[in-house]
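Chain B: place on chain A using the hints.
Here are the chains, one letter per residue:
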Amino acid sequence: MLKIEKLTKYYKDILGIEDLSLDIKKGEIFGFIGPNGAGKSTTIKCILNLINKTSGSIYMDGQELTKDNYQLKEMIGYLPSEVDLYDDFTVKEMLDYSASFYQKDISKRTKYLVKKLDLDLTKKIDELSFGNIKKLGIVLALMHEPKLLVLDEPTSGLDPLKQEVFFELMEEEKEKGTTIFFSSHNLNEVRRICDSVAIIKNGHLVETLKIAKLNKFDFNLISLYSKEYKKLKLPMKDIIIKKQSDEMIQFIYQKDINSLLDFLNTIKIDNLLIEKPSLEEIFFHYYKED
Amino acid sequence: MLKRELKINRRGFFIWAGIIVVMFVVVFLVYPSIAKSEKDMMDLVAAFPKELLEVFNMDIINIGTAFGWIATEGYMMVMIMGGCYFAIMGSTIILKEEDEGTISFLYTKPISRNQILDSKLLCGLIYIILFNMVIGLTSFIGLSLSGPFEFKDWLLISIAPLFLHLFFFTLSLLLSIYYKKTRKSMMISIGVVIGTYIIQILSTMTDSLKFLKYFSPYEYINARDIVLNHQLNYSNILILSMMTVIILIGLYDAYNKKELNA
Numbered sequence: 048m049l050k051i052e053k054l055t056k057y058y059k060d061i062l063g064i065e066d067l068s069l070d071i072k073k074g075e076i077f078g079f080i081g082p083n084g085a086g087k088s089t090t091i092k093c094i095l096n097l098i099n100k101t102s103g104s105i106y107m108d109g110q111e112l113t114k115d116n117y118q119l120k121e122m123i124g125y126l127p128s129e130v131d132l133y134d135d136f137t138v139k140e141m142l143d144y145s146a147s148f149y150q151k152d153i154s155k156r157t158k159y160l161v162k163k164l165d166l167d168l169t170k171k172i173d174e175l176s177f178g179n180i181k182k183l184g185i186v187l188a189l190m191h192e193p194k195l196l197v198l199d200e201p202t203s204g205l206d207p208l209k210q211e212v213f214f215e216l217m218e219e220e221k222e223k224g225t226t227i228f229f230s231s232h233n234l235n236e237v238r239r240i241c242d243s244v245a246i247i248k249n250g251h252l253v254e255t256l257k258i259a260k261l262n263k264f265d266f267n268l269i270s271l272y273s274k275e276y277k278k279l280k281l282p283m284k285d286i287i288i289k290k291q292s293d294e295m296i297q298f299i300y301q302k303d304i305n306s307l308l309d310f311l312n313t314i315k316i317d318n319l320l321i322e323k324p325s326l327e328e329i330f331f332h333y334y335k336e337d
Numbered sequence: 037m038l039k040r041e042l043k044i045n046r047r048g049f050f051i052w053a054g055i056i057v058v059m060f061v062v063v064f065l066v067y068p069s070i071a072k073s074e075k076d077m078m079d080l081v082a083a084f085p086k087e088l089l090e091v092f093n094m095d096i097i098n099i100g101t102a103f104g105w106i107a108t109e110g111y112m113m114v115m116i117m118g119g120c121y122f123a124i125m126g127s128t129i130i131l132k133e134e135d136e137g138t139i140s141f142l143y144t145k146p147i148s149r150n151q152i153l154d155s156k157l158l159c160g161l162i163y164i165i166l167f168n169m170v171i172g173l174t175s176f177i178g179l180s181l182s183g184p185f186e187f188k189d190w191l192l193i194s195i196a197p198l199f200l201h202l203f204f205f206t207l208s209l210l211l212s213i214y215y216k217k218t219r220k221s222m223m224i225s226i227g228v229v230i231g232t233y234i235i236q237i238l239s240t241m242t243d244s245l246k247f248l249k250y251f252s253p254y255e256y257i258n259a260r261d262i263v264l265n266h267q268l269n270y271s272n273i274l275i276l277s278m279m280t281v282i283i284l285i286g287l288y289d290a291y292n293k294k295e296l297n298a
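Listed in order, the protein sequences are those of chains A and B. Residues in the first sequence are numbered consecutively from 48, following the working numbering. Residues in the second sequence are numbered consecutively from 37, following the working numbering.
The shape of chain A in the complex, shown without the other chains (with noise of 0.2 Å):
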């Protein structure tokens, strides 16, 4: 559905993004992460073609995906991180600004969707709390039902609430098989709705994972308070160390449990805690600075 190939970006001579390629498949919610200005941004606008490529391709359908490409522009919907709308309109005005670019009637999708976010249509867009310019944002997004939509932290500034009728949104929209490319940086946002998720970093890809087979892995987070830990002989290539003393070291440790708890058997432990890890502290490594 989405196919990018060694898409590269420079502004002058600083690098937003390298050589990043990507496959995501018709129907898939494809997750991409990183910290901020790892490049996430960047590759949203190239997709978009809101700011030029230095060199690679991005392809839709196999068409690729230009400027001007009207018909493939027609299949994308795109919520950015900061809804930026016209002041002067009203809720509807807007709504209906946004249904005169399509051929299609959406109007039913429309009120479905206003409806469903609770949008007041005759507040004016500058009365809009941040919130609320968010949900509209959503609904601009997803009313001509798109085949593929580019999410750019799409849950920053929505209540609790309104998160959840966004997933519900994204669960709907999955059974009907658009394509979401979904850029975050909250990776629970991303484990609970996404199938696939690349990792990035100072604009290069890192890792794309399965996120079932992520939950597969065996991690788990191990607190260990005692003052002879330094002893220990830990397998340093199964272990991702995350804060450390002279009592104390957490670690995330990415085999089977039982093989820790022979190392740990040969000293005296003050305390052990053992918990699953959330999968930002997973990621916590690729974030590291090298």
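Quick caveat, the hints were computed from the structure, so don't treat them as lab data. This one's a predicted model, so the numbers in the text were calculated from it and none came from an experiment. Careful, some of the hints might be misleading.
Stated by the list, open to error - As a list, the in silico SDA-like pairs of lysine to any residue whose alpha-carbon atoms are at most 20 Å apart:
(1) A:Lys114 with B:Lys217
(2) B:Lys217 with A:Leu97
(3) A:Lys139 with B:Arg40
(4) A:Lys280 with A:Lys290
(5) B:Lys293 with A:Asp60
(6) B:Lys43 with A:Asn99
(7) B:Lys294 with A:Lys277
(8) B:Lys86 with B:Ile234
(9) A:Lys171 with B:Gly137
(10) A:Lys139 with B:Glu41
(11) B:Lys43 with A:Ile172
(12) B:Lys39 with A:Ile172
(13) A:Lys280 with A:Arg238
(14) A:Lys114 with B:Leu296
(15) B:Lys132 with A:Glu129
(16) A:Lys59 with B:Asn292
(17) B:Lys293 with A:Tyr117
(18) A:Lys59 with B:Glu41
(19) B:Lys39 with A:Asp134
(20) A:Lys194 with A:Ser154
(21) B:Lys216 with A:Asp60
(22) B:Lys293 with A:Ser104
(23) A:Lys277 with A:Asn249
(24) A:Lys73 with A:Lys257
(25) A:Lys72 with A:Arg238
(26) B:Lys217 with A:Tyr133
(27) B:Lys39 with A:Glu140
Just chain B now, kept in the frame of chain A:
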């Protein structure tokens, strides 16, 4: 898209056209008293240096008549104020959307960049025609109430600024492509409108700077040709129109290559 463009630029049109219409109305209202002392005025005008009179075409037309005022000061006012208005419109019509972030909304819709530019240009063209029509109509009513006048001269005086406004509008739009901030782009465009008028004055007043007149778009629609020959200098109009077309070609090319301000 065009409907929206026309709507948001409506206010500016009423303000700028309104100012000029009010000025014209005031002049037409006080004109009868000026006409009575026409001789005193002519004596006063005669005291000005010849070069200065030439700048405002006062050497070839009687400023004591209503048409004389329209063809000199009125014409200058329409050229410069209209020039500033359309330079502001040109420098903000796209850049404002970038400044406020709304341009990404348009860029992600199933339309081409050319279509976006078409609607912005068409909006400008419609307001340029309306602006000159409203002012032309005002001067027609004023002149009709002030006595006999040459219909053809009035028509040409009313049409000629349109070419200049179109030139400044497209030039400002092109310049705005290279700026990130609306304010800066606007200042540069107004600077071009005023600066080229100063060039026109200097080239008329100073023999050694006469060559500079070709660098001022005002020269190409000089009312002198209308007053003296009762026609526009069509080759000059053609040159100005060609320059506008070249700017337009450059504009479409630059706009298609432009990327969103980071």
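### Query
Against the structure shown, which of the earlier numbered hints fail to hold, in ascending order?
Per hint list: 1, 6, 7, 13, 18 and 23 violated.
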